[in-house]
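Asks: Chain by chain, the residues:
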Amino acid sequence: MTEPLLEVDDLRTYFSTEEGIVRAVDGISFSMNAGERLGVVGESGSGKSVTALSVMGLIEPPAGQIVTGRIMFKGRNLLELDEDELQAVRGGQIAMIFQDPMTALNPVYTIGDQLMETILLHQDVNRAEAREIAIQAIEDVHIPNAKAQMLDYPHQYSGGMRQRIMIAMGLSCNPDLLIADEPTTALDVTTQAQIMDLMLQLADDRGTAVMLITHDLGVVAGFCNDAQVMYAGGIVESGKIDDIYYNPQHPYTWGLLGSMTRLDDEQRHRLHSVRGAPPSVIDLPQGCRFRPRCDFATEICGQVLPALREVGNPGQQAACHHAEELNLHEMTAGEPPAVEEVSS
Amino acid sequence: MSDTKNDPVVEMPDEADASDLPDDVILRVNHLVKEFPITKGVFFRKQVGAVQAVSDISFQIKKGETLGLVGESGCGKSTTARSVLRLLQPTSGDVWFRMESEGGADEVVNVATAKKDVMRQVRRDMQIVFQDPYASLNPRMTVASIIAEPLLVYGEGTKHERLEKVKELLKVVGLSPEHANRYPHEFSGGQRQRIGVARALSLNPSFMVLDEPVSALDVSIQAQVLNLMDDLQDELGLTYLFIAHDLSVVRHISDRVAVMYLGKMVEMADRGSLYDRPMHPYTHALMSAVPIPDPEIEMNRERILLEGDIPSPTNPPPGCRFNTRCPKAEAGTCDVDEPEFRELEPGHWVACHFPEIQQVY
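In the order they appear, the protein sequences are chains P and D.
One point on numbering: in the working numbering, the residue at position 277 of the first sequence is 277, and numbering is uninterrupted.
One point on numbering: in the working numbering, the residue at position 152 of the second sequence is 152, and numbering is uninterrupted.
Think of the hints as simulated: they come from the structure by calculation, not from any bench.
Ideal placement from N, C-alpha and C gives every residue a C-beta, glycine not left out.
A few of these clues could be false.
[Unchecked claim] Going by beta-carbon spacing under 7 Å, a handful of chain D positions derived as facing chain P: (1) Ala216; (2) Val219; (3) Val290; (4) Asn300; (5) Arg303; (6) Leu305; (7) Leu306; (8) Asp309.
[Unchecked claim] Which stretches of chain P does chain D cover? Using the computed rule of at least three CB atoms under 8 Å from a CB of chain D, they are: (9) 157–170; (10) 274–283.
[Stated by the list, open to error] What follows is a set of in silico ranges between Cβ atoms, one per label pair, in the way DEER data are often shown: (11) P:Asn313 to D:Glu164: 50 to 56 Å; (12) D:Ile38 to P:Glu117: 51 to 57 Å; (13) D:Pro37 to P:Glu83: 50 to 56 Å; (14) D:Pro139 to P:Ser158: 31 to 37 Å; (15) D:Leu305 to P:Gln267: 25 to 31 Å; (16) D:Asn181 to P:His155: 17 to 23 Å; (17) P:Asp197 to D:Val118: 49 to 55 Å; (18) D:Pro139 to P:Glu85: 44 to 50 Å; (19) D:Glu296 to P:Gln93: 30 to 36 Å.
Between the sequences and the hints, there should be enough to build the whole structure, so can you do that?
Replies: So, in structure tokens, the structure goes:
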């Protein structure tokens, strides 16, 4: 087994606000191998975007702070690099695509200028060579007439085209890791299909590892090899995607799958729906953070925060005290749980 | 199902009194057109063109039924909804609505042309729930005053009776009566959407337009609100026009589904036939683009990827509006003749020159 590309160890990113300390990411550990496509799934406020920003070194003190943890990327701890060293990694070896392609592009510079800026910063090339690389990058994302497009401004493009440019920019320096934070959430579904198809093809061709941050379990199913589910600042379940979808071990994962409306659902059945709403990250519940919404909670759940541990199939992990007893995959999501089964 | 009641395009004489509207139909939209002018100049505004956001569409909804209206941004689905409620004045076309009047007898009115006093009555009976639960509630009003406002407008009940009604409505939508004196910012998105639903229900409407009611919500909350809408329909016999861009949500909630593209309706059918036997190439592409949360299905699925973007509605392509992106388009036909909206199977309407059933998942 070679060394993982990215290894995050006990990362805690907190924000201080007037109301108190927001524990946006609270003790997560995970790793990614070269070429792996990892889906980070969660609802708003689960800490998935803050995870990405922490890896990118984009958490700005004093408001936000990485309190503890290590982020090892290719053998170096990113948290110990100075700004110059970090700058070389960011954009060059780790690139990021944001949700809203309009705010991520600068409206007063041409597409060409913005692409070339990244290339000139990270590669040892002159302007003419950078221009060639930029044109190639635009062609790679299947935008016709690349030379002419270099002179266009972002407002002349539709949302899908802008996101293509973002991908071109992200991949122009051949990064080892691409972090895509909700890359298709702002787009229509047919455009989403185009963009995901493009990303899959490019990442596959170049062997780029992708961390796909999304709330959409459907997008993850078609794109990722592995997935991890986040809830209230922690990882509640991780594993191969088949395990997550077909053999969920954590009640939240199970509930999330049951909440989803499916295009191929013939029966108009009642959705399972996880009751209640996620807790405030300022005032987290004692013990398991999912307890107030969990149908299976017992006394211990209110006292001890469960750690992520191996359960289910090999390589699968879940943070639930009762994972073994529940046999969630045998229960149809939507059926009310039989409480007797879990009294322990 | 093959009777004429499923016929959305019934030609009516100009002076129609809608007496042929079947008893079980609550809404019939006939040749609805909505244009927005494009103007030039600041002081002397001159109209230089028009965007036809909704371009001659017809459909009807039966009592107690849910019609789902789907399409991507800019297809005209929200404009259709707002024209039906006359929040926008339709440019032409009729919107026949079966209004419940005081005595219990029904009365059919044309919402598109009704006078002010009639509209005031119509509005009691048709309500809307908006997409954004953050923007659609006044942050300076308490929940009680938000929900009671429609009652106040129609002079219903005393102050005490209104408050009782508010508490009852809060219970109906799954909130606690103690929430009445709080302000919207104290609630989460899902709870706010429930407040919006309670407000819409306050005047006991029979017909509700739900304009993307769950698209701003997280998945687990989305499911709660969808279940609530389902329950309310069962309990109160409501009729819904459900607007959404998410085809899987629409499949879940609708009895019949209509697909729109660039201001036109391209396909309409029962839920089952639309999803199992879609015939329009745009419907195929749209469905095949929707991700399914199932790795095995997803990894083995053939996607129909459309080329390019939706053309501008200011200048829609001639012939079939989808011809510029359609994988089946034939030059000389599709870019010349506009396809008719035809009933190819009982209750299954398609606007395409070359319709073909295709399985997409």
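Asks: Report the numbers of all earlier hints that the structure fails to satisfy, in ascending order.
Replies: Violated hints: 1, 4, 12 and 16; rest satisfied.
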